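Line by line, the protein sequences are chains A and B. Reminder that position 83 of the first sequence reads as 83 in our numbering, one-by-one numbering, no gaps. Reminder that position 169 of the second sequence reads as 169 in our numbering, one-by-one numbering, no gaps.
Keep in mind that the hints were calculated from the coordinates and are not lab data. Fair warning: this is a prediction, and the values are worked out from it, not measured in the lab. The beta carbon of each residue, even a glycine, is placed where N, CA and C say it ideally should be. Keep in mind that a hint or two might mislead.
Partial selection, computed: residues in chain A whose CB lies under 10 Å from chain B [unchecked claim]:
hint, residue
1, LEU92
2, GLN95
3, ARG103
4, HIS194
5, SER195
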Amino acid sequence: MEPPAPIVKFTALKKRYGTGPLVLDGLDLTVAKGDFVTLIGPSGCGKSTVLKLVSGLNPHSEGSLEVLGTKPRLARDRQAFIFQDATLLPWLTAQGNAELSLRLRGEPPAVRRARAADLLAKMGLADFGGYYPRQMSGGMKMRVSIARALTLSPQLLLLDEPFGALDEMTRNRLNEELLSLRDQSQFTALFVTHSVSEAVFLSNRIVVLAALPGRIHAEVKVDFAYPRQAGLRERPDFQAKVNEVSRLLHQVEVTAP
Amino acid sequence: MKPLPLFWRWMLPIISGAVFVALWYAIRHWSGLQSWILPAPDEVLAAAWKERERLLRAAGSTAVGALSGFLLAGVSSFGLALLLGSSRALRAGLYPWLLVLQMTPVIVLTPIIVLWAGPGLPGIITITWLISFFPVVANMTQGLVSADLNHVALFRMGNATRWQELVLLRLPGAMPYYLTGLRIAATLAPVGAIFGEYMVGNSSGGSGGLGFLVYSYNTQIKIPALFATAMTSCLLGFVFVAAISWLNWAVLHKWHDTFDRDDH
């Protein structure tokens, strides 16, 4: 039997913006179906750039990049992007925002209304559909943003530091919710963060990047079984994993110019 | 900054208004100026009452010119901004000429406007439009092109068509800018109409409007009535701005940050 096609495959990938210096220098990485891969590294390691390349927002410069068996742009309708801030349209309610992706896709109103309401309910926002973004907390807005992304039932979910601006308690809660959604909807995730413990809690693979130019420094496997519960964070082997990743991060930070 | 309590927000303008009127009386009293140079506030009110019918009729006629010109400016600048917002090349090509048009003093263009649009209402509306459309175009174009980059990326990711991007993202995002432009236009439109009436209103043979009253009272040296005309113009402008403030509230209060409860 052939191995299943990878969800994302970088081969000797390089990226520079215009005639600028290399941002990514020779990335080789394969993300398999069901993986939760986290990219972590110091500023300037190009981790957000990786997501932009995968989503087809920016073209890569050299090497090859295959997403869901095709070019990034052509795979757009099977992936969803969750941004650093919630990126909600301020003039739409939570419900309206959650419907947006389906609306862009031309789904009929009845379908998108039901689907968005369903996902808002899953995110614990059943009673907040009529709220405008300015009436919501940062955590609520991010929940709407996640609901909007999942209305598309994406095969690949790209997350660019989605919880970076939230307080730790909200962040932990959302981490747990994200994993439980993953258990239900079976998406593959490519996640970018600055937080080591968030990376260890969520992922089965952590890729540590070095900066200027961005390149892979090390990869760490995290084999705690899914579904993972909040209690995992208190286990000594969890802490050991956090320490291991932190040490690797420290190496790239001190070698950075 | 902490907002002022409601009481003081009403009281302070009243106090400053009272001080202003007191100063006015004081200057009139101590300077010994005649009523035909500086009428006292009560003389202005008396003149306003005496001329109330002419003033009201004139204000109505000015309102027609100002409102027509204003609406024309609102609609035409919406279309023009859509055009300018849709392409960098069009912006680069047209914007400088719009600026040139805006910088040309309207008074220089007045004879040409009368020649082309005709005297009376058509000329007045054209002058009003010319004075008030530019801030709306400039603001709305700015709004259309300053959509949040992450929002644009979100739409690109969703394979949005240009039409979807315009209707669902850029137009709603430009609304606060458009309304700001309209608010400026609302202060300019009555000014434009009165100026237009002053320049071309007398040749229409019609009722004239406030601008024509200015001309007429001035030649008759009815100075208190002239002050009363100024007061009436003020009130008309106030009505315009109040109407647009209401529109602004109606469109934006649900979602825009400027309407946060503890903001003002």
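For this session: Could you check if A/GLN95 really has its C-beta closer than 10 Å to a C-beta on chain B?
Result: Interface hint status for A/GLN95: violated (13 Å vs cutoff 10 Å).
Problem set entry | Restraint outcome when A/SER195 is required to lie within 10 Å of chain B by C-beta distance | Violated - the Cβ of A/SER195 stays beyond 10 Å from chain B, reaching only about 21 Å at its closest.
Problem set entry | A/ARG103 as an interface hint toward chain B, with CB separation required under 10 Å | Since the shortest Cβ distance to chain B is 7 Å, the answer is holds.
Problem set entry | Cut-off 10 Å, beta-carbon criterion: hint that A/HIS194 touches chain B | 18 Å, violated
Problem set entry | Supplied contact hint for A/LEU92, tested at 10 Å Cβ to chain B | 8 Å, holds
In summary, the numbered hints that this structure violates are 2, 4 and 5.
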